[in-house]
Amino acid sequence: MRFSEILHLVKLNLIQNKFKVLLTSIGVVVGAATIVIVIAIGRGGKADVADQFRNLNAGALDISYEQAQGTKGFSFGTSGSPTGAGMPSFSGGNFTPPSGGDMPSFSGSSRSSKDESGRSSGGFFSGFSGMFSGLFGGGKDSKNTENITLSTEDMDDLTAFVPGLSDSTISYTTKQNIYGGNIEETESYTVAGTLSNYAELSNLSMLFGDYLSDADIENKTKVCVLGYNAAKQIFGSAEDAYDSLVYIDDRPYTVGGILAEQGTVESGISADEAIFIPYATGIKYLTGSDISPTITVIAADVNNIDTVIENVKTVLASSYPNAEFTISDAGSKMEAANKSNRTLTLMLIAMASIVFIIGGIGIMNVLFVSVKERTQEIGILKAIGGSRKDILLEFMMEACCISLIGGLIGVATSFVISPVLSSLSIRMEMSAAGALLALGFSLVTGTVFGFYPAWKASKLVPVEALSSE
Amino acid sequence: MDTEQIISMQNICKSYKMGQEELKVLKNVDFSVNKGEFTAILGPSGSGKSTLMNIIGCMDTFDSGSYSLNGIPIQQSKERELTKIRNHEIGFIFQNYHLIPTYTVMQNIIMPLLMRGENRKSAEKQCYEVVEMLGLSERLHHKPSELSGGQRQRVAIARALCSKPSLLLADEPTGALDQNSGTEVLRLFTKLHEMGNTIVMITHDLNVAKWAQRTVHIVDGEVFENIVN
Numbered sequence: 001m002r003f004s005e006i007l008h009l010v011k012l013n014l015i016q017n018k019f020k021v022l023l024t025s026i027g028v029v030v031g032a033a034t035i036v037i038v039i040a041i042g043r044g045g046k047a048d049v050a051d052q053f054r055n056l057n058a059g060a061l062d063i064s065y066e067q068a069q070g071t072k073g074f075s076f077g078t079s080g081s082p083t084g085a086g087m088p089s090f091s092g093g094n095f096t097p098p099s100g101g102d103m104p105s106f107s108g109s110s111r112s113s114k115d116e117s118g119r120s121s122g123g124f125f126s127g128f129s130g131m132f133s134g135l136f137g138g139g140k141d142s143k144n145t146e147n148i149t150l151s152t153e154d155m156d157d158l159t160a161f162v163p164g165l166s167d168s169t170i171s172y173t174t175k176q177n178i179y180g181g182n183i184e185e186t187e188s189y190t191v192a193g194t195l196s197n198y199a200e201l202s203n204l205s206m207l208f209g210d211y212l213s214d215a216d217i218e219n220k221t222k223v224c225v226l227g228y229n230a231a232k233q234i235f236g237s238a239e240d241a242y243d244s245l246v247y248i249d250d251r252p253y254t255v256g257g258i259l260a261e262q263g264t265v266e267s268g269i270s271a272d273e274a275i276f277i278p279y280a281t282g283i284k285y286l287t288g289s290d291i292s293p294t295i296t297v298i299a300a301d302v303n304n305i306d307t308v309i310e311n312v313k314t315v316l317a318s319s320y321p322n323a324e325f326t327i328s329d330a331g332s333k334m335e336a337a338n339k340s341n342r343t344l345t346l347m348l349i350a351m352a353s354i355v356f357i358i359g360g361i362g363i364m365n366v367l368f369v370s371v372k373e374r375t376q377e378i379g380i381l382k383a384i385g386g387s388r389k390d391i392l393l394e395f396m397m398e399a400c401c402i403s404l405i406g407g408l409i410g411v412a413t414s415f416v417i418s419p420v421l422s423s424l425s426i427r428m429e430m431s432a433a434g435a436l437l438a439l440g441f442s443l444v445t446g447t448v449f450g451f452y453p454a455w456k457a458s459k460l461v462p463v464e465a466l467s468s469e
Numbered sequence: 470m471d472t473e474q475i476i477s478m479q480n481i482c483k484s485y486k487m488g489q490e491e492l493k494v495l496k497n498v499d500f501s502v503n504k505g506e507f508t509a510i511l512g513p514s515g516s517g518k519s520t521l522m523n524i525i526g527c528m529d530t531f532d533s534g535s536y537s538l539n540g541i542p543i544q545q546s547k548e549r550e551l552t553k554i555r556n557h558e559i560g561f562i563f564q565n566y567h568l569i570p571t572y573t574v575m576q577n578i579i580m581p582l583l584m585r586g587e588n589r590k591s592a593e594k595q596c597y598e599v600v601e602m603l604g605l606s607e608r609l610h611h612k613p614s615e616l617s618g619g620q621r622q623r624v625a626i627a628r629a630l631c632s633k634p635s636l637l638l639a640d641e642p643t644g645a646l647d648q649n650s651g652t653e654v655l656r657l658f659t660k661l662h663e664m665g666n667t668i669v670m671i672t673h674d675l676n677v678a679k680w681a682q683r684t685v686h687i688v689d690g691e692v693f694e695n696i697v698n
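Residue numbers (the numbering used here), protein chains in the order written: chain H, 1 to 469; chain R, 470 to 698.
Hints in this document: simulated from the structure, not taken from any laboratory.
Please note that the accuracy of each hint is not assured.
Here are some chain H residues pointing at chain R (derived, C-beta under 8 Å) [stated by the list, open to error]: (1) Leu12; (2) Leu14; (3) Ala383.
To spell it out: a stretch of chain R is covered by chain H in this simulated footprint if at least three of its residues, at any positions, have a beta carbon under 8 Å from a beta carbon of chain H; those stretches are [to be verified]: (4) 571-578; (5) 584-590; (6) 634-647; (7) 687-693.
Bear in mind the structure is a predicted one, so any value in this text is a computation, not a measurement.
In this text, a Cβ means the ideal position worked out from N, Cα and C, and glycines have one as well.
Chain H extracted, bound-state conformation (with noise of 0.2 Å):
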């Protein structure tokens, strides 16, 4: 019998079934559904880290310092509170209150003798400081006793003596008052120190002015650039923003330049919320050298990223050598974070898999009961010379045209669903590759649970399956 007029037939038969078919392809509806719809949340996801991370360069390597908290309660000089791992710390009489996981981590909140930004030449307090550590064994690690303040100096020596770099910063956060534009009441913002080529290596784009200048970070002028949210909160609008002022600890700053909008970032500062001043300018009027700066480096090649990082370490070894650098690599964090997106999305494909295993199971016993309900229809057939193949394969085309039905309409319903399912906040990419999946999922599901039935239907007795009532 000729294929297309098995399929004729497959066609006639479910046409008569019409319930039967939408009912039996329910499991297969909505395993195809679920398929489409995890892809759409893995890909979603996907996209989230991208976007997370998308301030962060591959080859970005973020250098800080964290003290080791038991030396920390001896620290001088900052009427901050003692900060912990992951929260900007710093001088200038503003209290800080943690800022979260979207900052440079750093600590090391005393100031010890160090050039104005914060090179150690001495190292009584540190000293000081170490013997409480190692007494009370506080801290992550027993050599970083001393207070280290990153600097321009070492971002400059890090430059010069490791190869391989293309690129390197500084910069700092502090939490400040602010004030101006629409807010009646002073409000904590987050004030970044950065250089001029900060937002070049962050991927930050400008939606007016121009950012930082080398001028401005060396004449310590008192400019900002602010974040896209920070603009709107404090001035309404980013155009009312553009050239204003505003006040950063009772100091008018001109607004130079407002950023677009970036979104939620997972690493680095989150340049929606934040305003960015010259860094020297931050030193000059907010902070002092009370900071803990993180200096970032960019490794020209990726692929060279450990190479990088022994030098970095080598470099910073030589000017402390008793201190512990975090060292943060950009690319591994964004690795990390689609691993484990892959790994979730693996697991929801396994949980669509087993909803199709029990489709299929579905599917199966519904071609069993239509096996025992057209047993005569077999013998009829096999009768007037219908073949062994020709039954297996209309059978099989039967489970095969019901498991892409109701692929197609679980596939559809996902398309339906998503709008939903992005309403509360559920990033989803639809793609056609999922839809696809999901077709071949539906398919391969009824050609292996209708192979069973299709192959006891062809094998029956003519006679016997005649005789059948």
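Chain R: place on chain H using the hints.
Here is chain R on its own, set in the frame of chain H:
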């Protein structure tokens, strides 16, 4: 072997297991049908006539003996060959019509041709020739459930004729019909016989058997009488 013989059976035996007992249904049956003959196999219920028909129709196997259909040795044929023989050599007409209820008259009639691998267009063309003769032209797109018993049996006859088989094998063709419809079907058989078709008809009704050119009696699995009507 006589080349005119369509059916040639020698010493056919068939038994079924009924629990521990073996029930002999056919006992050394010798039976032959010549080309162009209209033969009735007459016998009461349980005489083995349906088993004989199933064996003639290559739908059932036999334990011993030899059987050739249109020169093809059936006992040596495998399932695939038997399928081909059923499709090419035999046209079945059943008591309960055995039409596929979900198909239209046309689809039922052309099914053996489609099974043979013919394309739909050619099959439909052959169908038109047959249905015109059987007066079914107006009913081609109806479902069997929309037809009377006589019409359904005519559809079954059309299906059997459509593939131009060597043998028309009818199992109680009037068993489910009223007298008028039954007579109409038997007249049709006579007409088909006159047109040169070989017909074997199974029946338990002597009045029906009388329509045949020749009657073979079967009782308790034995063919013992051979009458030319």
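How the hints compare with the structure:
1. Leu12: holds, 6 Å
2. Leu14: Since chain R brings no Cβ nearer than about 10 Å to Leu14 (chain H), farther than 8 Å, the hint is violated.
3. Ala383: holds, 5 Å
4. 571-578: holds (count 3)
5. 584-590: Result for this restraint: holds, n = 5.
6. 634-647: n = 0 at 8 Å, threshold three: violated.
7. 687-693: violated (count 0)
Hint compliance for this structure: hints 2, 6, 7 are broken, all remaining hints hold.
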